[in-house]
Amino acid sequence: MSEQPKFQRYTRGELITARDSLWTVCGESMLAFEKCKMEKGDDPEACLQFSIAVMGCSSKIMRDLTSKCGEYLKAGSSCLNENNMRSLECDKEKLKLDECFTSKVLPKYQ
Amino acid sequence: MSGLNYKQRWVQDLPPPGGYPKLEYGRKIPPPISGYWVFGITFAIMGVGTVIFFNDKIERMNQEKEEKKRLSMILPILQAENDINFLASSHQNVYTTRWMPPQIQKRQLTLLPKEWGKN
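Sequences listed follow chains A and B, in order. Heads up, the first sequence is in the working numbering, so the first residue is 1219 and it goes up one at a time. Heads up, the second sequence is in the working numbering, so the first residue is 118 and it goes up one at a time.
Source of the hints: derived by calculation from the structure; they are not laboratory data. Because the structure is a prediction, the values reported are computed rather than measured. Any given hint might turn out to be false.
[Unchecked claim] Below, a list of computed lysine-lysine pairs in the DSS-like style, where the Cα atoms sit at most 30 Å apart: (1) A:Lys1278 - B:Lys139; (2) B:Lys185 - A:Lys1258; (3) A:Lys1255 - B:Lys124; (4) B:Lys186 - A:Lys1314; (5) B:Lys174 - A:Lys1258; (6) B:Lys174 - A:Lys1322; (7) A:Lys1310 - B:Lys186; (8) B:Lys185 - A:Lys1292; (9) B:Lys186 - A:Lys1278; (10) A:Lys1292 - A:Lys1322; (11) B:Lys182 - A:Lys1255; (12) B:Lys145 - A:Lys1310; (13) B:Lys182 - A:Lys1326.
All chains, please: the whole structure from these sequences, using the hints.
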């Protein structure tokens, strides 16, 4: 069996908390990926370049968020874990993370 | 012997003049509520409850919609990660027919035929 690529795995709570930050930078690549999926079907090989683009972009953003806004990310994900993954309860934490993202991470990508 | 006077005439107890008042032996109940009122109150309570329930239900459905929308925002990432992991692992090419999601865990992988990994 060949080795699996080693992505840093992020939890669903972390990804949902960082959703708007991810879409700010990686939105176009994600839309392109979904468009390819709709056009070429579910074969993973057909849209491999798009999936690599999505994974590269999102893991970059998540890495930056973890290093620069780690506390907010952690607060958001633990809030989601405590509230049975209901993100409506955790808007406050998400807003704090978004503020941190716009001030510390976003300037790097503009 | 001094207290009894045997020479006194006997006097019989009689009702007062005009007779005793009538005894109230019948059951006493308050005047009953009208059936129309009972129907009215019942349907009013049911109506208010229905309005509250459906308002709540609409709100819950909207919340569910919002949750699904937020969840769908991270789905491309999960899908892309799954695709890459699947292509990097040993798998049989089944895409000439139809796509099936990778459902094999490490434990089941030992049961698979070994020639699949050589492709």
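Subject >> Hints violated by the structure (numbers, ascending) >> reply: 1, 3, 5, 6, 12 and 13
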